[in-house]
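In the order they appear, the protein sequences are chains A and B. Under UniProt numbering, the residue at position 27 of the first sequence is numbered 27, and the numbers go up by one with no gaps. Under UniProt numbering, the residue at position 336 of the second sequence is numbered 336, and the numbers go up by one with no gaps.
Simulated from the structure, these hints should not be mistaken for lab results. Heads up, a few of these hints could be off.
[Claimed, not checked] Derived DSSO-like pairs: lysine-lysine, alpha-carbon spacing no greater than 27 Å straight-line: (1) A/K232 x B/K321; (2) A/K321 x B/K232; (3) A/K203 x A/K232.
Nothing here was measured: the structure is a model prediction, and the numbers come from that model.
Number of protein chains: 2
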Amino acid sequence: MSLFRSQVQQMAGYTPGEQPQEPGWVKLNTNENAYPPSPLVLEAVQQVLTGRLNVYPDPLATEFREVASELFHVDADWILPGNGSDEILTILMRTFVDPNEIVSAPYPSYTLYETLAEIQGAQFQNIQLNSNWSWPANASEKAAKSKILFVPNPNAPSGNRWQDSEILELIPSQGVLVLDEAYGDFCDSPHQCELLKSNSGDKIVVTRTLSKSYSLAGIRFGFAVAHPDLIKGMRKVKDSYNCNTLSLAAATAALKDQKWMQANTDQIRASRTHFISEVRGLGFETVESQTNFVWCTHPDGEHERRYQELKQRKILVRYMKFPLQEGTRDGLRITVGTNDELQQVIDALREIG
Amino acid sequence: MSLFRSQVQQMAGYTPGEQPQEPGWVKLNTNENAYPPSPLVLEAVQQVLTGRLNVYPDPLATEFREVASELFHVDADWILPGNGSDEILTILMRTFVDPNEIVSAPYPSYTLYETLAEIQGAQFQNIQLNSNWSWPANASEKAAKSKILFVPNPNAPSGNRWQDSEILELIPSQGVLVLDEAYGDFCDSPHQCELLKSNSGDKIVVTRTLSKSYSLAGIRFGFAVAHPDLIKGMRKVKDSYNCNTLSLAAATAALKDQKWMQANTDQIRASRTHFISEVRGLGFETVESQTNFVWCTHPDGEHERRYQELKQRKILVRYMKFPLQEGTRDGLRITVGTNDELQQVIDALREIG
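Chain A extracted, bound-state conformation (with noise of 0.2 Å):
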C-alpha cells in the first residue's frame, strides 16, 4: 500500500520549462524577461540585507501592499502576495475547491491549472479552444458549475488577449473567475483590474506576476487583487510568512519603478512586431501576441524537428505538444528575447528551413 494520497501517487507532476544553469544558451522557452530589474530593486535588497535578517518578515506585507494597492487603485485589503503567481494559484485552489469540484480552463493554455486541480483531488475540465484561439459557441455553458475558471489573458500559449465582455460571460453562477494576467503588462492597452469594478466584481480574482515585466522571475514573487471578502479567505490559507525579506523589498522597489518597467515592456512590444513580421516571412503563421512569446506554427507541421535543431545550436525556445478531441496541436513557442536574440533565432530558422 502506498503512503501517498491517490491523486499524488498517481500524477505524473509538472514538468517547468528546462532550465540550463550552464551559460552560453540564447534562452527563448520560459518567457524571462530579456532585460535587467530596475537598479532600485538591487538598492532595496542591499539595504534590507545589513537589516535584519534574523526576524520574521512582516506577516502582512504592509509596504507591498501599499504600493500595489496605488497601482491599481484599490485598498491595500484588496491585495494579497505570494511567492510568485503560482502559489497564489495554489492558495485559491485550496482556498476554494474541495475534492471532486469542478475546476476548468480553456485549452490549450497553462498546464498548471490541471496539475494543482490533480493534486486537490478535484475534477478538471478543459473548453477546448477554437483553431483561431476563440472561445467555442457552449463555453459559458461549460464553465457554469465549475468552482474556479482560471482564464490567462492574455492566454498561453498562444498569446491572444480575450475582450472583456467575452470573459464576463464566462464567470460560473456558484464560483469564481480567476483572470490570471502573468503578461498583462504586455499587452497594446494593458488592462488594470477595470472588472473587479464590474458588477461581478466581487466573483473575479486578478492575479498578477513580478516574473515577467519586472524582469524578477528569480525572486519568485506575485500576487492577488480581489474583493477584501475573498481576500480575507485566501489568507486563512496562505502561511503567515509565506513572502521574504528579500523578495519584498525587491517587490516593493520593483513596482515603485513603473517607468523602467514600461520602457522595458515598450522595447518588448517594438521587437515583437518586428520578430513577427520577419518570422512570417520564413512562411510560419503567427497569432497578434499581446505577451512576451509568439506562438509560431509552420503549414508543414515539422515543430519538434525545428525545436531540436535550434537546441542543437543552442538556441532554446518550447516545443508544445496538445492531444485535442481530435489530433494534436503543436507549435513552437518563442520568448520575445532582444532583437540580437531574435534575429540569431531568425537566422537559424531560415539555415533549418
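We have chain A; now place chain B onto it with these hints.
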C-alpha cells in the same frame, strides 16, 4: 451561499506571534536568533543580486541540496527545500493526507499543525501530554491510525526533548512520522537524522529550518530530509520554483558556515543555563530547555498579568494558553535572546513581582 470551502469558511486561521515593525522592542516572543547570520550569507546574496534575477531559479536547488545532504550524510535526493519548514509542513499534508483522514500531534505543541489539518479537511487529533510533558501511556495506540503524526523534537512551547526510543514506538502503521526539528541545533547533543537510518526510517520525514539556529527567519527557508521514495511524492506537490534565487544563495552559504552557527548556538546554550537559574531564583518553574526558548510558569498562575506588564515595558514574550480536557494550561514562552535582553527580563520580572 459562501464561495469558500466549508473548512475555510469556518476556521479562524493561524495567528502568528506579534511582529511589531517599529524599533525599540526587546522581542523575545517568536524565538528568533539574537545574533546575525554568517557574513558569508551577505556575500552570497550580493553575488547573485548582480547576477541574473530576470531568470528563474534552479528548480532542483542543486547546490543547496548537495550542501545539505553532506551535512546529514545522505545523497542529494534525500533533500527537499521549502519556504521555511512551514511550507514543508503544508507540502507534507497535501502529499499524504486525504480529507477525513487522521492527523495527530502532541498537545500542547506547535499550533500550526492543527490549522494545516483543518485546511486539508483532515481530522485532527491532539495527544494530550502529561503535566511533565511526557507522553501518555496510550500515545502509541492513539497515534496508530494517523496518516501523519507530527512530533516536534524538541517540543514547543515546552522546550523538552524526547528520547529517540520513545518516538520510534509512535510511528503509525499506515502513515508517516514527521520529526519537526526546528530547534534541533540548540540541543546539548544535536541529533543528525539518525532515526532516518533506523529500521522504520523509510516512514520518517525530518524537517529543518534556517530560521532559528542559522539566524535567518527573514529569508523563509527550511527543508525536509527523507528517503527518496517519500521525497519523490512530495516533489510532485511542491511548486516547481518554490525557492527563490536570493534565499537559495543565502541558505546554501549559511549551511556552509557551520562554525558560525555552532558559535551562536553555544552562546545561546550558555545564556539559557544562566537565564533558567535566574528565573528559578524568582520563584518560576521551568523545563530543562533544549531550545532557544524557556517555558516559564509560576505557582501563582499570574502569567497573563506578567505578559501584559512586560509588554508595557516594551518587552515582548509569548503568553500561551491551552485548553485541556480538564481546565487549562498556560505560561510564558521566553526566547533566549542576548544576555543583556535576558537581564532586562529578569529585572522587569523582579520589579513586576
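Okay, the hints, checked on the actual structure:
1. The straight-line distance between the Cα atoms of A/K232 and B/K321 is roughly 26 Å, inside the 27 Å bound, and the hint therefore holds.
2. Our distance criterion of 27 Å between C-alpha atoms is met by A/K321 and B/K232, whose separation comes to about 26 Å.
3. About 13 Å separates the Cα atoms of A/K203 and A/K232, which keeps this hinted pair within 27 Å; it holds.
Of the numbered hints listed earlier, not one is contradicted by the structure.
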